[in-house]
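For what it's worth, UniProt numbering labels the leading residue of the sequence shown as 1, then goes sequentially.
Please keep in mind that the hints were generated in silico from the structure rather than gathered at the bench.
Check each hint, because a few of them may be wrong.
[Said to hold, decoys possible] The calculated lysine-lysine pairs, modelled on BS3-like cross-linking and capped at a C-alpha distance of 27 Å, are:
| # | residue 1 | residue 2 |
| --- | --- | --- |
| 1 | Lys100 | Lys12 |
| 2 | Lys85 | Lys12 |
| 3 | Lys559 | Lys498 |
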Amino acid sequence: MSINNVTVDDLKFVVQSCPAIDNHAHNLLLPSQESKYSLLNAATEASGDALRDAPTSLPHLRMLRHLRELYGCDETAGWKQLMAKRHELLAADAPAFFRKCFEGIHMILMEDGLDGDEVHPYAWHNQFTPGGTSRIVRIETVAADLLRGMWESDRLDITAAIEDDEVCGEIWITFLRAFEKVIADFIQDVDVAGFKSVICYRTGLNVHVGSDVEVATRGLDAFRDDFLADCDTDNPTFRIASKGLNDCLLISTCRLLTAANEQNGIMKPLQFHTGLGDNDMSIIRSNPAHMQPLIQRFPEVRFVLLHSSYPYTREAGYLATVYSNVFLDLGEVFPMVSRDGQEHIIRQAMEMTPTTKLLYSTDAHHFAEGYWLANKQFRQALEKVLVDYVECGDLTINQAINVAKDVLFNNSNDLYELDLDLPDLAVPKKNTLQLAWQDNTSVSAVPVVAMSSSGTNDLQLLNDFESKHDDHQFACVQWLDYMSTLRARIFPWAEFRKLVEDGQGFSIALGNIGTLQNDTITSAVSMQGDILVKPDLESLRAAYRKKLLATASVIASFKDDTGNLLPTCPRSILQRIVDRIAVENNLQLLLGFEIEFVFLRSNTADNDRSFEPSETNHAWGTLTPEQCGTTLPILAEIVAGLLRMGIAVRHFHSESGPGQYEIALAPLPPVAAIDALVQARQVLQQIACAHGLKATMHPVPFNSVGSGQHVHVSMHSFPPNTDSDTTETQASSFLSSILSHLPSICAFSLPNNISYSRVRANHWTGGTYVAYGYQNRETPLRTITPNSHTHFELRCMDGFANPYLALGALLGAGLLGVQHETQLTMSDCRDNPADISDSQRGELGIREELPSDLETALSRLDADDELCEVLGREMVAAYIDMKRAEREMLEGMGMEASRIWLLERY
1 MSINNVTVDD
11 LKFVVQSCPA
21 IDNHAHNLLL
31 PSQESKYSLL
41 NAATEASGDA
51 LRDAPTSLPH
61 LRMLRHLREL
71 YGCDETAGWK
81 QLMAKRHELL
91 AADAPAFFRK
101 CFEGIHMILM
111 EDGLDGDEVH
121 PYAWHNQFTP
131 GGTSRIVRIE
141 TVAADLLRGM
151 WESDRLDITA
161 AIEDDEVCGE
171 IWITFLRAFE
181 KVIADFIQDV
191 DVAGFKSVIC
201 YRTGLNVHVG
211 SDVEVATRGL
221 DAFRDDFLAD
231 CDTDNPTFRI
241 ASKGLNDCLL
251 ISTCRLLTAA
261 NEQNGIMKPL
271 QFHTGLGDND
281 MSIIRSNPAH
291 MQPLIQRFPE
301 VRFVLLHSSY
311 PYTREAGYLA
321 TVYSNVFLDL
331 GEVFPMVSRD
341 GQEHIIRQAM
351 EMTPTTKLLY
361 STDAHHFAEG
371 YWLANKQFRQ
381 ALEKVLVDYV
391 ECGDLTINQA
401 INVAKDVLFN
411 NSNDLYELDL
421 DLPDLAVPKK
431 NTLQLAWQDN
441 TSVSAVPVVA
451 MSSSGTNDLQ
461 LLNDFESKHD
471 DHQFACVQWL
481 DYMSTLRARI
491 FPWAEFRKLV
501 EDGQGFSIAL
511 GNIGTLQNDT
521 ITSAVSMQGD
531 ILVKPDLESL
541 RAAYRKKLLA
551 TASVIASFKD
561 DTGNLLPTCP
571 RSILQRIVDR
581 IAVENNLQLL
591 LGFEIEFVFL
601 RSNTADNDRS
611 FEPSETNHAW
621 GTLTPEQCGT
631 TLPILAEIVA
641 GLLRMGIAVR
651 HFHSESGPGQ
661 YEIALAPLPP
671 VAAIDALVQA
681 RQVLQQIACA
691 HGLKATMHPV
701 PFNSVGSGQH
711 VHVSMHSFPP
721 NTDSDTTETQ
731 ASSFLSSILS
741 HLPSICAFSL
751 PNNISYSRVR
761 ANHWTGGTYV
771 AYGYQNRETP
781 LRTITPNSHT
791 HFELRCMDGF
801 ANPYLALGAL
811 LGAGLLGVQH
821 ETQLTMSDCR
831 DNPADISDSQ
841 RGELGIREEL
851 PSDLETALSR
861 LDADDELCEV
871 LGREMVAAYI
881 DMKRAEREML
891 EGMGMEASRI
901 WLLERY
């Protein structure tokens with residue numbers, strides 16, 4: 001069957017390959033705790049003696065077959081053989097096995113109130129999914145932990161509370177206030193995606209909804225007469241299982257969620273265990289139909305009915321149909337129910353429920369295999385049901401494809417306000433370049449990304465973006481000025497669409513590009529004229545945000561009033577040079593940036609703004625307990641955010657300085673690489689700020705190890721597979737010319753006097769001499785491949801630089817070398833140039849030092865006619881004037897004041 005060239009095979013491909021948001025799952029067990037539990041429970045709610053018969057059930061027999069596939073065992077393997085193979089796989093490479101089990105899951109919303117001391121923390125699971133893990137908070141666990149804490153600190157005298165109503169009332173009020181404070185804090189916590197109640201297990205879903213006074217009174221009565229009366233005064237369990245008490249806590253949570261929505265626009269869903277469970281639950285009171293009064297009482301709370309509400313799927317589907325604030329989760333029945341049962345459950349859920357109300361989950365817990373089994377079986381059942389509906393004419397193929405995307409990804413993304421992008425499901429068709437990119441010889445394929453100059457229609461790019469992101473409200477058009485200040489104008493989405501349809505851009509004063517960071521006017525300012533700011537839709541990304549203003553970020557270039565790219569636009573200068581290298585020399589370039597930065601805390605003592613590192617128990621590559629509890633979770637959130645935006649990250653780790661870290665981005669063509677760098681740095685700083693920290697790219701924020709912004713440059717023949725000797729010859733000329741122009745390039749790459757405090761020997765910051773060397777970190781150019789110049793790292797660059805200008809100067813110098821077929825007369829230096837003699841340096845062709853201050857670099861640039869011609873004399877003159885004006889302004893502030901001023905801006 002084919003409709004408009006879309007086939008059933010396309011539908012099957014989407015169902016099987018669409019990344020999933022698992023909207024409800026649990027933590028994996030610590031290795032030391034696995035012996036307490038059985039993997040048999042992955043396919044049954046039976047326990048105790050009843051568990052003996054589970055292996056004869058259809059769900060168990062099917063699970064056995066699928067585990068043989070997962071473990072790579074033959075069809076005769078029994079349970080003992082499977083468990084032996086499992087042990088072998090975990091012993092060989094547990095992380096690899098876990099990654100296999102999590103395949104197909106993009107992000108997990110993890111309810112971590114189950115077996116808290118026996119499982120890995122929820123953030124530990126971030127390593128296995130591209131989108132990481134967010135937390136679902138179980139409210140009954142919060143309450144139990146509070147009561148346990150009160151008892152352990154002697155603030156809960158159970159005997160006195162039972163005997164004295166006044167004491168009981170005081171304890172109750174203290175507890176209830178503490179509970180509401182914790183819930184309110186979790187509502188504001190960016191790591192918390194929602195909440196869950198297991199009231200179904202404890203006292204049933206027939207929640208008593210009354211007046212505030214009645215609910216509070218019933219709560220107090222249950223606390224005194226049931227909860228406290230059942231407590232063992234010597235060793236209480238603190239399980240919250242008293243009707244009025246449970247109802248009160250649940251209703252308090254609903255009130256707080258409603259208030260947060262009304263006051264701050266924050267609405268985090270509330271999940272409920274419904275339907276099947278183990279034998280300590282009343283199956284009658286697990287019917288979600290009991291919840292109707294609660295749903296009606298709190299219309300702003302988003303209720304998620306978990307576990308398909310099986311066997312009450314139809315009742316749950318009805319509620320999700322007639323109430324806008326009710327959603328049905330399709331989980332736990334995979335793999336707990338037979339194949340036929342699973343298909344019937346999906347059909348029942350779709351009998352009347354809007355498919356935009358259906359959510360995917362695994363409900364996996366304890367064992368990673370639970371994720372794999374649920375993922376596999378759900379997709380099999382969903383594919384069968386959707387294909388049947390298409391063949392019967394109930395759905396078109398495109399409608400069925402949209403259902404699959406919605407259930408697996410979009411519905412949870414919208415409901416929990418995750419701001420994720422659904423990754424492209426199309427089979428990649430772009431050309432690839434083969435390159436050895438990292439410090440070893442591993443080879444990876446990198447897509448060749450064309451800029452909008454390729455002829456791609458901007459409106460088509462916008463339409464493609466809108467098809468993947470339907471919640472955008474604003475577009476933030478951004479550009480980087482000469483001082484590397486990120487400027488922006490924000491448009492409501494409808495106005496942004498008009499801007500793209502018009503195809504011209506918007507006007508700003510020409511003088512705006514000649515001002516300093518604080519809008520101080522310089523001699524480069526022109527008082528007349530406008531420029532057009534033109535967004536490049538190739539750089540359009542859904543911004544990673546937690547209540548941030550813009551929902552999309554796009555980088556812009558400058559045009560003149562005739563519509564041509566402005567010759568003084570940093571981004572356009574770089575693109576023009578890259579195009580010339582490709583057209584005139586058949587060379588393709590890729591850039592990969594390493595972002596070094598420091599997390600800071602702000603001090604406001606004595607009304608003087610100052611900063612200190614976020615942590616001091618810190619060294620290169622460390623993973624200390626302090627880091628794990630402070631900045632590493634924030635760093636993980638940053639990297640997860642970048643991945644969601646489509647910015648690929650190679651790795652991240654701590655650096656040597658206090659609070660210092662590095663994130664290495666994957667390689668891209670030059671303009672695209674810098675666009676991603678600019679957007680990545682903004683995300684980095686925004687998320688740090690949301691956690692009360694400052695992430696600075698200042699090269700020397702303290703008198704300690706400084707931060708650079710190193711960049712890898714890789715050259716490749718275009719088209720690929722051209723004679724490698726020719727490419728190596730071109731690369732040699734490219735590198736030779738960069739070395740001869742490097743003092744001039746430093747005016748862009750090290751654009752502040754403080755930048756030159758890192759031009760030091762024996763600090764691995766690039767050294768003090770104009771030189772290059774294989775894997776030599778004491779030279780400003782480090783070649784990566786032995787006896788080759790096609791891949792090198794520029795080390796003399798920091799976060800103050802405008803990377804479009806710095807790389808424009810670097811690549812422009814390289815272009816000159818290829819054009820002139822410059823011979824590389826300098827030799828590969830394998831030592832620290834500062835530690836060898838003058839004669840030894842002379843033999844290697846090392847003849848000059850790097851500039852020691854900005855003025856020296858600016859003077860070298862001003863006198864470098866060749867490089868000025870490539871870059872454009874008008875831009876270079878304006879840049880030099882502005883950098884001198886900036887230096888004068890900073891010197892007038894004094895050393896400490898200027899340091900703080902720069903820390904606040906970079």
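Hint-by-hint comparison with the structure:
Between Lys100 and Lys12 the alpha-carbon distance is near 21 Å, which keeps this suggested pair within the 27 Å criterion. Proposed proximity of Lys85 and Lys12 is contradicted: the alpha carbons are some 31 Å apart, above 27 Å. Annotation: proposed proximity of Lys559 to Lys498 holds, straight-line Cα distance about 18 Å (limit 27 Å).
Of the numbered hints listed earlier, the single one contradicted by the structure is hint 2.
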